[in-house]
Each structure stands twice: as structure tokens, then as C-alpha cells.
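Asks: What follows is the residue order along each chain.
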Amino acid sequence: MSGRIFLLGDDIDTDQLAPGQYMRGGIEAIAAHCLEAARPDFAPSVQPGDIVVAGRNFGAGSSREQAAEALRHLQVAGVVALSFAGIFYRNAVNLGLPVLIAPSIDGVLDGDLATLDADGGVLQLTVKGIALPLDPMPENLRAIIQAGGLVPYLKKRFATDDKGPSQ
Amino acid sequence: MRQTLAQKIIARAAGRDHVTPGDVVTARVDLAMIHDSGGPRRVAPILQDLGVGLWDKDKIVLVADHFVPGDTEEGAAILAMTRDWARRTGVRFHDGLGICHVVLPESGQLRPGMFAVGGDSHSPTGGAMGAFMFGIGATEMAGVLATGEIWVKVPETILVEWTGRLGDGLMAKDIMLALCGRLGMDGGKYQAVEYTGEAIRALSMQERMTLSNMAAELGGQTGLVAPDDVTAAFLRSVGGSVPDLSDLHSDEGASVLEHHIFDATTLAPQVAAPHSPANAMPADAAGKTTISVAYVGACTGAKYEDLQAAARILKGRKLAAGVDLLVAPSSKRDQDRAEADGIMSIFEAVGAKILPNACGICAGYGTYRLGADVTCISSTARNFKGRMGEASSQVWLGSPLTVAAAAVAGHIIDPREMLA
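If you read the protein sequences in the order shown, they are chains A and B.
Under the working numbering, think of the first position of the first sequence as 1, with each following residue one higher.
Under the working numbering, think of the first position of the second sequence as 1, with each following residue one higher.
Simulated from the structure, these hints should not be mistaken for lab results.
Since no wrong hints were added, every one of them can be taken at face value.
Among the chain A residues that face chain B by a calculated CB cut under 10 Å, a handful are:
hint	residue
1	G25
2	A37
3	R56
4	A60
5	S63
6	A67
7	N140
8	G149
We treat Cβ as the ideally placed atom computed from N, Cα and C, and that holds for glycine.
Isolated chain A, as found in the complex (with noise of 0.2 Å):
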């Protein structure tokens, strides 16, 4: 599936992605209002697929997973960044928000058409005929990624595992 580029500058953090005054509120709200000070256009107008792409240190701040389940509930493909803060990353694992590293972004310009392949590692920019090289996820996490996060991926575990819940 292609979808649009959504691109992002530096240090996007979490009270962006998950703003502080609809935190008390539910998944649908908070989603709602999803980037709201940085692109007011995002929230209203992302379409399934879309492909977030930021420079560094996307996701810096609090801890709150509404976050990343925000990208995934609006359904973007995932987010590809030169980095991530470190908790904001494990939280879109733990989510199944696929999030990539790229060595560099550059030629990615907003609105560009692109698919992302996250197992291969690579964003596609269909229209310019680009493929940027991404970093490869470490196994063990795009296995919980491809179980569609820790929660459905800890039930298989659990019930293939007869001595129940332990790692």
C-alpha cells in the first residue's frame, strides 16, 4: 500500500503526538488531535498508509504510549527517523507501530508518494523512483512487531508455553 509522506522536523515529542489536555480522555480523542502544534493538518487529513518521517529524536519526552498508539490508531505504516527516543521506540514495538531507522532522509520531501517495506528495510518514493535504505529492525522485535505488538505477541507465547508466564 503507497501512502503520503508526512515529513517532520527535529525533536517531535510526545506531547505532540499525545497532548496533555486529552490525556484523561481516551484513544480516539487523543488521536484526534495527534500533532495538533507542529501540523495541524496531520491528524484531520492522514489516510491509512501514510508514512511519518522525521529527523532526529522522534518521540522525545514522557513515557506515555498513547504516543505511538495514536500513529497507529490513525493507521500510518510506521515512522522512519534518523533516531528515536529510547522509550518512545520500545513503546512503538510494544504497539506495533513499525519504526525505522534511516541513515539519512535526504531528497524525502513532504507529500511525496511512498511505500514503506519494513522488513525489507526500505522506503519506496514511488513517484521519484527513490529507494532509501533503512536500517534493519533487530529480530526479536519485529517478531512482536509482525504479532501485532507485546500483547498479542506474549498470548501466542503463553499459550505455547505450558509452564505459563515467564521470559
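Chain A is already provided as a structure; the job is to place chain B on it using the hints.
Replies: Quick look at chain B alone, frame taken from chain A:
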């Protein structure tokens, strides 16, 4: 094999003699802290879905702080749910006592050498006690609560050394804003930041907590200070038992990723311009920016010693016309101490508004929020756009001394001008 403090703690928790940075290991968690936002309301449905119970209720600490005082309908419902879950599960619960990162060390439950997780990004605060403590999200926390284990990639250590002593008018907060400015919000690279040097050794436990707390703004996984006599004395003062500290330090010559050395004697009071802690500059370079709200609050900037510092400036002075000073002491214990010492009466004398012992405006989850176009100076850790209020509000960060000085002057000023 020479190891860093971070390696030693993780190796012990993972049941190994030693670990190497980059290793991915599964470690046993000594203590898990959760709060009312990322805690029961998020983890309980997951545990139910998985059909599993708690691994060890005595190692789980729950603190109500984000939605206190329940000033919205939804927030009050979340608090009620939190309290009910605490009753049903029997976990250790601190209700109405203040912000988790301050309440936990004050409870004596967090000890040097522990491997601990918290459901909040400022969990590195525990590093001030010499514990490897880091923040995680709610889904991952549910996994910890069910299994008592978590995977961790053994971090490299970034040594941040401050030589000499901080001058009068300088605080740990100034060190952290300067570091955010110099190294950036990703300077910590999700590795272990370890603070060392004479200036760090000379700091009290609460000041060290400010350092470790803001390892989050540096992008570190945790922010460690090797435990010493200051740590032991603090632990005793809160009724905690002091473990053997003799090996809880980075070995001489242990391999580190980076070693930064800064001179504490030449540091000037810092402020960070909107909307990033990395926009740091000396307070006297801020162009006497006019402010209308001064906020002394949060785990970062309203502990007892933070209140004491602000009061030092405010004593015998008045707030500038048109300035509101809001004070939200980090914990009830700290507020009680400040009450007993006459510090709270200094705030009252200048007409400060005292807010509950909770995350308050810093989290921005309740009704206390900055209005449109308000310019605020705050002793908190983060000034992200829209975090504390309307997207058009402008938040500057500074030490409690600098915040109080701005409240008196009506504009940003080097607090040392009021200490002479």
C-alpha cells in the same frame, strides 16, 4: 574486568558476572513504580486480557500524582479507579503524598544498586540514589508486572564530570540546562549518563535528584550518581536500610562512550527559551524577557530545597506588578518541612498561589493550564510547545532561584543580582 556502575547493576539483575555494552539481556526487576496515568487504567486491562496476575505486589509501588486533585470529571474517575485497584491488589500505594519521583525516594523503598523501572519518563530520578532506574510505557510495564522481568540492551556510559564547586546562586538545574544546551536533547543517546566530579559530590541528595531527573531531557536511559555518604545519610533519614556501597561505582579505567568535563566554577545561571530545554543560555542573555507567570513546581523543581531557594529570593520582597507566582510543592513531606521552617509563609506573604502536591501544570493533564500568549518562567524540566497550556503560551525554564528572581523583577534576570 573493569565495569561501569550501570554494567554492575545490570549484570547482577541479569544473574551474570559481567555484561558488555550492546548485550541484550533479560533482567529481574527489583522495584516497579507506576502512577495514576500510565498505571492501573492502562495495565489492568492488559493483565486481564492476558489472564495473569501480579508477579510480586510488594515490589510494586503506585503513586497518584498526574490526575490529582481530580479536578476534571474524567480525572476524578481515573483516580477512583486507581484507588480501587490499589485496594484490590494490595500494592504499596502513596495517595495524596506528592509526585512519584520524589515520593519514592522519600519512602525509603528505593535503594542503591537496585534495578528498577518506572512508568514515567522522569524515572531516571532514581539514579540519584545509585539505582539503575528508567522509564517505560504502560504495555511494557504490564509485562513487568506479570513477569518481574524486562529486556534491556546494556548501555554504554557517558561520563559527565563537573570540576570545582558551583558558586552561590547556582543550582543543579543550571548544570542540567547547560548540559541540554551543550549536548542536545539526544546527547544522552539512550545510554547511561553518569555524573561525577567534585561539584556533583558536593551536591545534596535533592540536588542530585534534579540532575538524574533531567537525564530524561538529555535523552539518557538513566542518570546515575554513584552512592556515597550523602546517599547513605539520606537513606537513613527516610528510614531505609543502607546496603553495602563499596562496589557501587564505576571502576577506574572502565570503558566509557564519552567523557565530558565541565568547569562548575564558571557556570552562570541558565534559562532555556521556548520550546526546548536545549535552548539554554545564561539568564542575563535572555534580553530581560517580560513574564507574567512564575511556576515553582514538579518533581524537577519544587522539592524542599527548591522551595527554600525560591524563598531565599522572595523573603522581604514583593512580586512585580502583574506577575502570578504559583507554587506546587513536589511532596507533602517537603511542604510540611517548608511549613515548619517558615518557607511556606514567605510564599504566602508575597501572595503566591499554593497548588496541590501533584504534577499540576507541568503535566498539563488537569484544569490548571497556561492561557493563550502567556509568558511563563518555570522550574520544571520541559517547555515543549503546548505542554503546559495553549500552543501560543511561551515557557522559559530556570532554577527555582531564577524563577523567583523573575517573579520579583517581572522579567528574566540573573538571580545573583538579588543575592548580593
